[in-house]
Each structure stands twice: as C-alpha cells, then as structure tokens.
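Residue-level listing of the chains:
4 protein chains.
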Amino acid sequence: MSGEGIKENCGVFGVWNHPDAARLVYLGLYALQHRGEESAGIVSTDGEKLFIHKGLGLVSDVFKTDEDLKPLVGRAAIGHVRYSTTGSTLLKNAQPLLFDYSHGKVAIGHNGNITNAKRLRDELEAYGAIFQTTTDSEIIIHLMAKPSYRNRLEGLTQALERVEGAYTLVLLTESEMIGVRDPLGFRPLVLGRVGKSHVLASETCALDLIEAEFVREIEPGEVVVINDKGIESRYPFGRSQEGPQAFCLFEHIYFSRPDSRVFGKTVLIVRERLGEELAREHPVEADVVIPIPDSGNSAALGFSRVSGIPVQDGVIRNHYVGRTFIQPSQLVRDLKVKIKLNPVREVLEGRRVVVVDDSIVRGTTCKQRIQSLRKAGAKEIHMRVSCPPHKNPCYYGIDFPDRAQLLAANKNLDEIRKFLDADSIGYLSIEGALRAAGHPPSKYCTACWTGKYPTTIREGVDKFSMEILRTL
Amino acid sequence: MSGEGIKENCGVFGVWNHPDAARLVYLGLYALQHRGEESAGIVSTDGEKLFIHKGLGLVSDVFKTDEDLKPLVGRAAIGHVRYSTTGSTLLKNAQPLLFDYSHGKVAIGHNGNITNAKRLRDELEAYGAIFQTTTDSEIIIHLMAKPSYRNRLEGLTQALERVEGAYTLVLLTESEMIGVRDPLGFRPLVLGRVGKSHVLASETCALDLIEAEFVREIEPGEVVVINDKGIESRYPFGRSQEGPQAFCLFEHIYFSRPDSRVFGKTVLIVRERLGEELAREHPVEADVVIPIPDSGNSAALGFSRVSGIPVQDGVIRNHYVGRTFIQPSQLVRDLKVKIKLNPVREVLEGRRVVVVDDSIVRGTTCKQRIQSLRKAGAKEIHMRVSCPPHKNPCYYGIDFPDRAQLLAANKNLDEIRKFLDADSIGYLSIEGALRAAGHPPSKYCTACWTGKYPTTIREGVDKFSMEILRTL
Amino acid sequence: MSGEGIKENCGVFGVWNHPDAARLVYLGLYALQHRGEESAGIVSTDGEKLFIHKGLGLVSDVFKTDEDLKPLVGRAAIGHVRYSTTGSTLLKNAQPLLFDYSHGKVAIGHNGNITNAKRLRDELEAYGAIFQTTTDSEIIIHLMAKPSYRNRLEGLTQALERVEGAYTLVLLTESEMIGVRDPLGFRPLVLGRVGKSHVLASETCALDLIEAEFVREIEPGEVVVINDKGIESRYPFGRSQEGPQAFCLFEHIYFSRPDSRVFGKTVLIVRERLGEELAREHPVEADVVIPIPDSGNSAALGFSRVSGIPVQDGVIRNHYVGRTFIQPSQLVRDLKVKIKLNPVREVLEGRRVVVVDDSIVRGTTCKQRIQSLRKAGAKEIHMRVSCPPHKNPCYYGIDFPDRAQLLAANKNLDEIRKFLDADSIGYLSIEGALRAAGHPPSKYCTACWTGKYPTTIREGVDKFSMEILRTL
Amino acid sequence: MSGEGIKENCGVFGVWNHPDAARLVYLGLYALQHRGEESAGIVSTDGEKLFIHKGLGLVSDVFKTDEDLKPLVGRAAIGHVRYSTTGSTLLKNAQPLLFDYSHGKVAIGHNGNITNAKRLRDELEAYGAIFQTTTDSEIIIHLMAKPSYRNRLEGLTQALERVEGAYTLVLLTESEMIGVRDPLGFRPLVLGRVGKSHVLASETCALDLIEAEFVREIEPGEVVVINDKGIESRYPFGRSQEGPQAFCLFEHIYFSRPDSRVFGKTVLIVRERLGEELAREHPVEADVVIPIPDSGNSAALGFSRVSGIPVQDGVIRNHYVGRTFIQPSQLVRDLKVKIKLNPVREVLEGRRVVVVDDSIVRGTTCKQRIQSLRKAGAKEIHMRVSCPPHKNPCYYGIDFPDRAQLLAANKNLDEIRKFLDADSIGYLSIEGALRAAGHPPSKYCTACWTGKYPTTIREGVDKFSMEILRTL
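Residue numbers (my numbering), protein chains in the order written: chain A, 1 to 472; chain B, 473 to 944; chain C, 945 to 1416; chain D, 1417 to 1888.
Note that these hints are calculated values from the structure, not bench results. There could be a bad hint or two in this list.
[Unchecked claim] For lysine to aspartate or glutamate, the following DMTMM-like pairs were computed, each having C-alpha atoms within a straight-line distance of at most 25 Å:
{"no.": "1", "chain 1": "A", "residue 1": "Lys105", "chain 2": "B", "residue 2": "Glu595"}
{"no.": "2", "chain 1": "D", "residue 1": "Lys1756", "chain 2": "B", "residue 2": "Asp492"}
{"no.": "3", "chain 1": "B", "residue 1": "Lys812", "chain 2": "D", "residue 2": "Glu1762"}
{"no.": "4", "chain 1": "A", "residue 1": "Lys92", "chain 2": "B", "residue 2": "Glu539"}
{"no.": "5", "chain 1": "A", "residue 1": "Lys367", "chain 2": "C", "residue 2": "Asp1010"}
{"no.": "6", "chain 1": "A", "residue 1": "Lys340", "chain 2": "C", "residue 2": "Glu981"}
{"no.": "7", "chain 1": "B", "residue 1": "Lys737", "chain 2": "D", "residue 2": "Glu1762"}
{"no.": "8", "chain 1": "B", "residue 1": "Lys618", "chain 2": "A", "residue 2": "Glu123"}
{"no.": "9", "chain 1": "A", "residue 1": "Lys340", "chain 2": "C", "residue 2": "Asp1346"}
{"no.": "10", "chain 1": "A", "residue 1": "Lys146", "chain 2": "B", "residue 2": "Asp492"}
{"no.": "11", "chain 1": "D", "residue 1": "Lys1508", "chain 2": "C", "residue 2": "Glu1011"}
{"no.": "12", "chain 1": "D", "residue 1": "Lys1756", "chain 2": "B", "residue 2": "Glu595"}
{"no.": "13", "chain 1": "C", "residue 1": "Lys1335", "chain 2": "C", "residue 2": "Asp1346"}
{"no.": "14", "chain 1": "A", "residue 1": "Lys70", "chain 2": "B", "residue 2": "Glu597"}
No experiment lies behind these values; they were computed from the predicted model shown.
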C-alpha cells in the first residue's frame, strides 16, 4: 500500500517548562516525521511573546541549522508536522498557526479533520470574519475569539462545542500549553514527563527519543491545561470512559510507528496479531511468506508464526527513495514502483509466495508489484492483506481517495483477485482486525470498511465542504 | 544619507486585462525595487481563483525562475515590494495579503502608514476579530468585512472612513482591481495603459519599463475601480483638488527614482533645482563640488551650475554593495561606510570641497564620510544639504529614527557643524525646498521639518501604537 | 554496526550506446547510492566531447532537476558515487575525474584502493608530474600518459602493471567505454545489457532498476573494451580462473544491497546462511531473536530458522535518519544511537533476547545499544555476530578504523563480552563465514580477520602513504 | 558599451603575514569584483598546508557566511575573481588553482592571456602531461614542474621564459607569496602594506578598502618574492624601465574602477581628460551632455567642462540589474537594454543631446539606446566616444568579439553613424587617447585600435589555440 499515497493529516508535540523547549520539540517532530512530510513548524514562548519558525518540507528541511532554532527562545514550545495538498503557495497553511486576538496571542497545531468546517466558516464570515488560511484551525480560533467569552479557556471549550469531527490539538499562549482530544478520541495524544517538564505528543516514540517517560494518554474529550501552577484537566463533554469511542484502527495498521504505544497497545504487537489472525482466516499452501516492507513486516512475521511458512525478504526497499527524484519519462516501466522495492529473484524463483501487505486502496501499485514478482519467477502469488477491504472515504483526517477509486468499493473479491492477477486473495475480516486491536469493538471507528460513521456526516453538504476547503 | 537606513514602506503595481499579467507585474516590481528590498509578492486572478507567490528578499530572490511565475495565471495581477523589520518569521507580513471573507476573496498591497492602527485593532479585537499579521492592511480588510456592507466596494469606502494617515492601496478580487490614494495624497500612485491593459504603479519608471504610457495620477481621495466594464472613479471624501494636500517631499528628495515623474514633476529635475536653490542660499568659495552618490548626483549638478564650481566624482560607489556581506569584525575601521563609497585622493588632495548630500538624519555616516575625505587630503569641507534639517518623526510611512537620534532635533547649526567636523554647513531652507518642488506650499507635507502634521496625531497613543505594531 | 561509520570507497556504473545514456547512469547511481553518499558525478560523451556534472552529496543532491542532466548529451556515459573524508574543499576529489592528455580525453571512476599510491606519486612527481587531486585515479591517468605508449589501451594496461591493490574501474573516452577489475577481483563489477546497450555496474541491483539483464561478471584481471564495434576482453595479467582470488567477504556481510548478486551469490541468501551458521556455532536458550536493522535482518531470519527462536522487530529504525540533523549538544544521552534505532519495550520486557548484528568494529555503538535494550527491560542479552572478529585494517578500500580502535584487536572474547555488558557473545568463525559465502576459501580475502593480506603491503611505507593521501 | 559584454579576465589579490589573511583577501576581492563576476576563490596557508575555497558566482555568492572563511586558516592567502565562459561544469577553471608537485604545493591566480598556450600544451602532453583544466595557469605549473629545476623559483622563472603574452600572477606556497608581472606590463599589479603585512592587488581600490597604504607598482618583468625574511625582487628578463611597454589603455577607459590608480594615474582623472580631448576633437552645438552611466560619467564631465554644454543625467541606471532576471520572452522590446538604463523624458524632450559613451564594440546596444533616446523626445543625438574605434581582437585578456562583429572593423565612420542612426558621431583619436593617458605612447598597447600587437602573434595558430581552449 505504501506508494499509494494515503496520508494522515498531522503530528503534534509540545513541551512545557524546559530551558531548551524548542530543541526538544525539534527532536519530537523528528520522531513524528512519518505523520507529515510536507510542512513543519515550531512556536515557542518566553512568557511574554510568541516566536515562530515554519516552512514547507521535512523537519530537516525547515530546521537546517542551529540558527533556525535560536530565535525560538523560552521554556515552552509546540510543534507540528503536516501533510497537505502540495504547492509552494500553501506555506500559509503550515502549522502551528499564530493568532492575536482580544485575549492575547495563541498558537495552535491540529491533527484531524473538522467535518462541519464549511458550515462554520460560512457562518463566521457572515458575522464579519476574514480568513487567511484554509485550515480547520483558523475556524477554531475564530470561535474562541467571540467577544462574550471571559477568557481563553472559556473560549476554547465553547469553540469545541461547535466543531464536529476529529481533532487532536495542542495550543500555546504566553502562559499555558493546552492539549485537547475530541470526545470520540479518533487520533492519539499522550502525556509525558522529563524531569520537571510536561510533554504532549501524538505518539510515544517521540517521548522515547527525548527520554521522557510515558505518563498516560490524554483521554477522549479531555482538555488538559498545563501552566506554572501545574497540570489540570477539564472535561467539557463530561467524562465517560464507558461510552462508545472512535479510535482510528488505521493508526495501528499503517500510520503510527511500530515502536509507539497507541490507544494503549504497542503498534508492532498489534500488527503481528493482525498477521496471525490473517493466517488463521486465510490459510494457504506455500513455500515462503514475504512482507511488503516496511509496514507489512510485522504482519508477515505473525502470518509465518501461525502458518509455519518461513519468512524471507523477497522485496528490498531502497532507503533513499523519498528524496528528490528526476522522473525519467518513459525509460523504465513502472519505475516509481520499482525504484522503491526490488524483488529478489533467488527468493522468488519457482516458489509459491504469500505476499503480506497492510492494505490495498486503489490496487494499482499492488497490481504492478505482483507483476514484478511474477517476472522475478514466482510460481504462485497469494495476496494476504492484514486489514479489511476499504470501501468508504474517511472524514476524520485520512486522505483516502474517492469511493470511485477505492478498489474494494467497486469490485467483489474475485474481481479484485483477477484485477490484481493474484492466485488467491484474502483480506482480514473486520472481526479479526478488532480482535487483534484488543479493545472492545465499540471503541473503534470502522467507517472506512463499514460505512458506519461515528459522527453525523451531512452528506452532500459536508463532503462538499471538504472539497471546497481542499481546493480553496 | 544613504547608509543611514531611512526606509520607505513600499511600492505597489497592478495590471488588469493582459495575457501575461503576472509577468508584467514582475517587471514593474523590478523597476520599483528601490521602494522596498525586504519582501516581494504577486497575487493574480483568472476570474475565479486568486493565486499568490511571495517571499522575503529582493524581487530577484523571490522570483528566481519561470517556475515561480507560472502558477500566477490569469489576466490580472497586483504586486508589492516592502521594507519591514527583518526576521525570517516575518514572512507573514509580506504583501500582498490574501483574505477570504463573506464577499469573496481579496488581495491587498499597501504603501503608507495608518496612524490610528492600534486603536482600530483594539476595537476590532473587542468585537472578536483575530489577527495573523502586524500590518495595517489586515485592519483595512477587517473593517471591510463588517457584515452590514452589501458589497466589497461599500465595505472598502466605509473602511477608508475609519482609517487615518497615509495609504496608497491596490486591491485585487476575482472581478476587479482597485486603486486607492488617501485624501491628502501622501504617497504617489499613477495610472498607465499598455494596449488594452490598465496599469497602476507607485512610480512612472515602472510604466516605462513595460512600455506602458502614462495616463494620469490617481488623485488624492480617489478610489479607481477597474474591471471588464472599464475604469470608474469614486471620491468617497469628495473631490476637491483645491484644498490642502500632503505630498511627501521626501519622495522627490530621496525615495523615488530620478527618472520617475512624481506628483507631476520629474524627480531628477526637482533634485537639480534643489541643488540650485542650495547654491543660492549657501554660496561658498571652493575648488570642487562632489556629490554623495547616487542620490546627491543631481543636486550637485544643480549646485555646480549656479555656483560655477566644477563637479567631480570625488567618492566612488561600489556597485556590489547591498549583496550579502560577511562582517569582518574589527579588521577595518568604518568598513560599512568605506565599502560603499571610496574617496578619490587625486580629486580631493589639497582642495576646498563642497560635499552635496540629499539629507542628514543621524549624522553618524556623514561624520565618518567627512573624516574619510579629510584623510584623503581635502583641505576644506563644506557640507551642503539639499533638504531642510530633520527634526520630527514621520508617521506616514518613512521610518526615520526617534527624535532623540535626529541630529537636527538636538543640536543647533553650529553644533552640527562641529559634530560633523565640517568647515561650513548649509541646509536648504523649507522655502527653498518648496520652491524647487514646484507646487504651492499647501500641497506638501513638511512635518518632518516643521512638526506640523497634516492629520491629527494623538501623541502618547498613536506613537505607542506604532511601536506596538513594530514589535508585535 | 551501522552507526560506526564503516565506509566503502565507491560505486561505478556505465552505459554504452543508449539515446538516454546519462539518465540511465543517473538511475544506476540512484540504485548504488549505498556504496557512496558523499559525492556523485556523471561524464557523458557524444563521440567528440566529454561532458561532466558532479558535486558533493547524494545523487539526489547533485542531480536535482532535469537541468542537471541536460548538458550530459550523447549515447555513452559513466557515473560514480563516493565516500570520502568530508570537507567542502574536496569537491576536486569527486569522481569521475576528467583529463586531457596526448591521446585525447579520458574520464575515470574508481572503486578500491591502490596500496602503492604514495610511492607512485613520488615517482611521478620526480618526473615532473603535477597533481590536482588526492585520489588514486589521478595516478593511473599519469601512468597512462607516458609519451611512449602508442594508444590509450596500451597506456592503460601498462599503467595497471604498476599499480598494486584493489581497483575496479570504468573509463570513458570519446570512442569507448572500458571496464577493469584487478587481478584478484576484490570488488565486484558486472556486465549487463538492455536492448542494444552495454552496461557496467558495481552491483546487479542497478541493472534491475533500469531493466537491464545480467550478462556476466567481469572477471578478475579482465579489461573489457566496449565501442561501436562491439565488446572485447583483454587479460593483461593472463586469464586463470583457477588461481587464488580475493573477493571481499564484507561485500556480502555488509556493503552490497541484499537484492544484488555479488560474486555469483545473492547477498540476502548469503546473509541468511551466515545467520544459520551462527545459530549452529553459538546456540543459546532465549525467547526472541531481534535483528539490528537493516543489515542484520536476513541473518536474524537465518538464526531463527535454525534455532527455532522466533524473530521480532525489537528495535525500530527511523527512516529519516541520514538527513541533516541539528546536534542537540547535551540534551539527550546517546542521541545519535537512539535517533537511529528505538527499542520496543513490549518486545523486550522481561525476555531473554538474542541480538543479531552483522559486525562489531569499535564496539561503542554496540555497547550503547545493549544498554538501551536493558533499559527497555531485556532480561538477558546474547550478542550474536554474523561475521568473525575484526582485528586488522583493510588496505583495499574499506575505511576500518586503526587497529588501536578495533575492539577485537585489543580484547579477548570475554573482555569483549564484559565491555559490551552482554550476557553472552558469539562471533561467527572464519570457516563458518566461508561456508556461508559458498566459493572455495582460496577465492576470498580474509585479511581483516586473519591479517593475511593477499597482496604485498609494505608496512611503514604504504600505511603512511594512505594517511598522507587522506590528509593532503 | 556596458551591456555589450566585454570581459576582462581577472583580478588578483594576496596578503602575507596577517593574522586574518583570508578575511583581508575576501575584502580585497570584494573591491575587485568588477574585474570578474563569474567565479571567486581564496587559497590560504598556515605554513604547512594549503587551504582552498572557491566557487562560481560573485564573491558574495561564494563566500556567504563566516563558515566559508573559517577553513582558510593561516597568515597568508591569495585570491582571484574571474570571468569565464559560463557553464556549471567549469568550476574546475575557477582560480586559484592548487597543485601538488615535486617541490611541494603551489596555488596560482592569473590575470591575462598566454598567446602560445596551445603550442605549450601540445608540447607538454607529448611529454606525458595530463590536464584537468583549460586555463593558462595549469600550463605555467607544468612548466615549473620540470624535474631538472632545483627549486620553485627557478622553475617559475624558467617557465616564464617559455610563455608569451600577458600575465599578472600571484602564487602562494607554504613558505612564500610571489607576484609576477609580464615584461611588457599589460595588466596592473600593485604592492601595498598594512602594518607588517605585504599586499599584492590588481588595483589600488582594493588597498583602500583594507586601509593598506600604496607602496609602488610591481614593475613590468618583475618577480617579487615575499616571505618571512622580507620582500625581494628578481628581474628574469632584465630590468629596463626605458624600453617599450604595453600598458592596456582599456584598463583606464573601461575596466578599472575610477577610484583606482592604475599605471600611475587615477582612472577617474584619465577619463575626464579623455572627455576633454574628445570635446576638443569633436565639438558640437548642443543643449545637454548626457553620460552613459557609469563608465561614461567622468568623460561626460570632461566633455562638458571643455564644451561648456551642461551635463544632465539623461539616462538612469537600475542598480538592481546584474542580479538574476527572468527573461520575459517577447513582452517588451529591447528589455535588456531598457531594464538597465531608462531615459528621462524631461531631460531629453526637444533637445539636442550629446551622448558620451566610453566605447562602441558591436554597436547593437548603442543603436538601441539611441532609439530609446529618440523615443523619449531627443531632437538631435550626437554620439561622442571617449575611445578610438575598435578594429582588432585583443589576445591579451580582453574578450572582444571577433573582427566580424566589431562595428568599426567593418564600417567607415559615416556607415557607423547611419547604422546607429545618430545625427553625428565622433570617436576620440588614438593620439587623443594617448595624450589623456599621460605616459609616452611607447608605454601603451594600442593593438585593438591599430592592429599592431606588441608581441608576436602567430596568426592561424594561436588564434585557433584560444578557440580550442575556450571550447574545450
């Protein structure tokens, strides 16, 4: 699936009360780079002013030398990495965004997607608001800035009442850092501690890098306020851990780093279990299990463990891919697929191969890959996918293609197998996926497979809204 | 005076109805580069969307290759060059600014300074406005966006009623380009035409470059609306060319390019006349007149013409200065002054020299220059300044230093002479300056010399306001 | 071992008779990037002139856009990637080098190390030669340029008679492409074909990317001349495949890409066998086998297969490492180790862990890694190294540290175990390594383990020579 | 003439015995930037090693930050700025060049052109020499490296015996700095002193910037050796100041900075005198004298002084030209001419104008300029050129176009006038030029006007040689 360009929206990170706050945030973003490769930014505060540096590209592109970190003085900072539709003009959408309003200054970093964005924006504009970005975050700040609110926190909680969808936020003002997770908890957010400093991070792998200890997850619906007096939590939507939630299973399957604990489970272990469930659901006679690296590695190990078929690295990843690449027009067929992964003839030749991938979205990359495996001599190819078939768009921050382009939304299983030219195909069942994930089914969002969205999606309005925002 | 860092705010340029609009704007900005070296930007429209590219640095830094212009499609575009306090984080203040509000999208480029900015900003924030830049322009758009206005033009004219100070604006929407000059006409703005295209420009030198013909100046208080139906003017403040105006004389003395017509006069000719007046007011026995290049060149020719003393290029300008320069700490005394202008010993040695400069602000550069002329052998040095003494800050867009740093605000003529170590000194009188400028005295702002500000300046409030905005 | 900075000298690639030769070389270098990250270059010819583009950095840094490839016209081209001591001034050492001499122009790319370089250089200088680089390649061209040789080929073969050590060369003139492998065949070089074009490459993975078929290896001691008449081989040193050779086993263990066939064996399969041998030689009771990615992956699979202990990805590699990174002084201990690989607590906690790494050189990185595994909860740590202990420097192109810094040169096995703080340690035996490699032992260089160098090394002279060259 | 791309070869600068030698060289090159805009470089020595940094572009492009100067340690350094045929691959020709040979290391910077370069190169190649650049300097070092010479200095003086043409050299070894001026003294070279440091510079303006005092010119045929024992001169060609020399008059007319003393005369004063002679030789009835800036400025003042016709700045130079510029295809006619210089209508309209330019080479730029002056309203245009007509190529370092493109080589005076569409034209006579220059006529090279070359030029051989070298 890698190579099909599924993109998550963002990663967030924040540090309160550390003499080298911005530098820690830089490291945190480095560890969260996989959550957003298109822009990066940090806002810091010295208690009086806010300082910002952001730009398009990887963390290492935006922060090249010490000079880029130097202006970010102060003992608190937040940072953000982001995917976005490309285009040099979209620097304005890079986060964190920094605003000045009646209650002072505020910076915001956002992971997720607000499903009633268009409606809120129209309403705000009708009241005289002007917009300079096309991000959801600007809407939240406008809602916060209503003159009737007595302070920032009241503004924030009132704003949250208005927005629908998925949002994990970190905010920074001159005097506090705030973490927010939406009531259904779509996206992860964890609290850490290093010495006397508090840390907020999308994933625990970022805590590991700065040697912060993991304290706990921010709960769905929790607003955590960190300032010099300490740390305090609010639950503007009430606090019921018992009710249904909407953890995004795709965080486990694909997005999060395997070494992170997400929704209370280590990603790598969940992936191994996905592979194990897959082997139980779709057994096959074969000579070798090969993973599609890197996201399929753990599932392949799980599949091998249960099936007893040995694993070999039958396709090798080029570690330099991702850097600039001059497109050589028509010289080499399917170069984009080939330059990323090269099949190993000696592993494949004359053998019955189980290919374990984490997902199939459009199917075009998968089809090319199967072709290249056949060309390298594979006798039989059995596709095993450690995830159920994708049939519906995600409105909560994952940029799946339109339904028209989703392979499983338009073909039945046998048609898929024929399209891919596989000898057999097996998708993990939704039940299998949920079993591997570990929490009760009511805790997860399965909308992309089932079409059952955990929040009201006003079709025809809000889908339109996303497109508008996307192309603005 | 060059070398003392006096800075104007900006230059603006716009083209309506040309297949290559953005490219013409690029050329126009190239010609207006002297009005702002710190950022540059262009917004274009294809009638449906607005496209933007801007960045920090010179026009040639921001627009490096055709690739930078390509996204700026459409038959209309506006552009802006700007001075601003430096800092990589201030990209957000680069103009044009681009906004989305209830009446659609609007881009704005601004030259000047709004003197009640802080007050308006506080008021807007109290009503829930959020700010992302520290520019005046954002205030204007907020004022325009009030929900009660029926359309953009009503919004704009209502907004103009609220703002005080100096503002020359170009605005671009999907369907029109608008030029605005404040009622007192502090800063220049001209209308040109090339084929069937309308052009707005800060100075005529930008029309020359794109081979547009000069049509007329935009009048003080005029709002000119250019769209596919043609060109139409409004006068929200009434239209009286008879009343007092406030043309900035410093445009003639220093800012504008000598080949531009500004306020109806060719700058170069005004400068020659300033030199002639100066020679009449402050005659001296001497062997040679030397200009401080390049801004003193024409005044020196005028001085020579009236005095009969021959001109020679006694100091030579290094044309590469302005580019990056590694500061060599303590190696060479006064390197900054020296690297820009080198005295020519053979011209100076043993001679009585009249030095013609366009202005003295702090006096430190002038003092160093006189020292270097003495060191190169000059026997007598007679400073002649083609401008009256600066004693007051400008609130209308010129970044003079504070009164405490203005040489003439704190010393009498003889003290100045002693401070500079000149053998004699002569400043042009205000009357002389006005005579050279050509229009009746009531047409000009002379506040920096006289302290008589043509608009109400609420001291203690609005000065504070500027500082706030500057350091925000 | 990755992280200890062992560096190979180079990778080479060449294409003859293709309309898009330079572009294919670009792709070839992209596939060979792992053989040299510090400079890259291409020389092409149109039959009359030679064209060059090279620079410091990755292939993607040096060739950023089509514009960089455009000047490289013609139907033949060679390219080179290189490791070198860093320093912006060392661009002059980037290859290919391009020379003009009595027989015309010649470009050269070199992989390996000439052990009598200093002596040859002194001799050449004594005859009036001047040197502009500190590379071996310049010496070869000087030797070729002796006026007595009748043509380039005679010059080349005569030059090869003088040089000692390891050298794989590709040369390009206006009329031919030449590939050379030294008589002992230290470094790999293969011949491929795509349509009517001949290809030379350090590894087969570069053939795969451009869809060239593998024809055969260039033999040790072979000089293959490719021109418009076809392809012809010479054997200036005679042709005996039977005699001893000196294939570098470290190509299999570490340097070459796992998907390449090197010295007739698929690297990945050799690595699996190294792991299998290792498991047989050093069995252990444990719960989990974890590889040090990526070079330890295949050996870990082999170890697991023989031992029956399951593999898990207990340390996770950050794929963004390698890019620019701002060093955060003292903030985080062992950041360099940690940012590259993060241990996964849930895999390690309370478990007896077999760690499979491909080699230990200095030992410092390994020691830190073991610490971090313990900190993540590992109960027992059993180091298993799929390579014998390194005790001697390599003079043939691998930049091992001095003997004083080689862990195994200065400590016995138990001291090593203590130094690393491992619960047990097992290195693969030389016999085991040779068994896994597959050819008879007489075919391999084992000098870095045994100290038996396959060519005469004049200690005290030639070691000094390398240092001289290194610091010149 | 500016705009017609006449290019000098280079500027050189060197400092011996200063704690901040490289930084002073950086400043010196900054002051000499006008002598070469295409590459810049510095080599320094700490007495043991030589350090180099060079690159393509302006001094400010190659030396961007302190980091670029830091590696250039030591108390001695030389630098070079250069014009060259463009092309990213020609970095190898950037100077200084750095060589290693039997007598140690040597760096060389060269201004001028060796007329028997091709012959020497062929000869050297026949003896086994290999070449890596296409510069003359490499030939000199090859000649120096002959094994029979006992030391560097003997090598250098023997090498100089073989080379013909124009060469001003600075060389640096670990133990000395050497300055060389060819026996006819085509190009300038001066000696300066700052504290206890010796300085070599192409022009005195570079001494001024670093506050070094001017000591004397290096004499034609002098080899000055500066080391820790002091400064010593040699005259390998004998020392006769009385004989004929070949100072390049074009240094005064165009190349050198007006504030430099060159060949014992201040350039600015010579230019004024050229204008005075011109006014005497070609008087005209007119209203205004306008210079083509900046090189025509002083001649225009001289013309005005003698003729009594007032000077005005009728064309204004855009100071930002020279920076990157996106070529706007066909939008604006003659944009290249126009963007550089803009005519001022009010100065020109209805007036009889004397245009003073320093030279006319191809005539195309001049023709376009006259057109634009007419378009701006000039009634009559009288071209006055402060230099005789160019009819012959220069083989001594000035890159004039081929004879076929030299306007005056192919047209008589009246044809030139018609071609340019001037109302009258007057070139300064050779006698007039020599009178203004000040030394006896036997001291100057006038080959570009008279065709009498001061050294033997083997036509058909050496012209070919230059072309070969140029296109290599």
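Now for the hints, and whether the structure bears them out:
1. The straight-line distance between the Cα atoms of lysine 105(A) and glutamate 595(B) is roughly 16 Å, inside the 25 Å bound, and the hint therefore holds.
2. About 22 Å separates the Cα atoms of lysine 1756(D) and aspartate 492(B), which keeps this hinted pair within 25 Å; it holds.
3. Proximity of lysine 812(B) to glutamate 1762(D) is assessed by CA-CA distance (about 30 Å); at most 25 Å being required, the pair is judged violated.
4. Simply put, lysine 92(A) and glutamate 539(B) have alpha-carbon atoms about 19 Å apart, close enough for the 25 Å limit, and the pair holds.
5. Distance check on the hinted pair: lysine 367(A) and aspartate 1010(C) sit about 29 Å apart at the alpha-carbon level, beyond 25 Å; violated.
6. Only pairs whose Cα atoms come within 25 Å are accepted, and lysine 340(A) paired with glutamate 981(C) is accepted, the gap being roughly 18 Å.
7. As the CA atoms of lysine 737(B) and glutamate 1762(D) are separated by approximately 9 Å, the hinted pair is consistent with the 25 Å bound.
8. About 13 Å separates the Cα atoms of lysine 618(B) and glutamate 123(A), which keeps this hinted pair within 25 Å; it holds.
9. Only pairs whose Cα atoms come within 25 Å are accepted, and lysine 340(A) paired with aspartate 1346(C) is rejected, the gap being roughly 36 Å.
10. The hinted pair formed by lysine 146(A) and aspartate 492(B) fails the criterion: a straight-line CA distance of about 43 Å is larger than 25 Å.
11. With a C-alpha separation of about 19 Å, the suggested pairing of lysine 1508(D) with glutamate 1011(C) holds against the 25 Å cut-off.
12. Proximity of lysine 1756(D) to glutamate 595(B) is assessed by CA-CA distance (about 48 Å); at most 25 Å being required, the pair is judged violated.
13. For the hint linking lysine 1335(C) to aspartate 1346(C), the alpha-carbon distance of about 9 Å falls within 25 Å, and the restraint holds.
14. For the given pair, lysine 70(A) sits about 31 Å from glutamate 597(B) by alpha-carbon distance, which is inconsistent with the 25 Å threshold.
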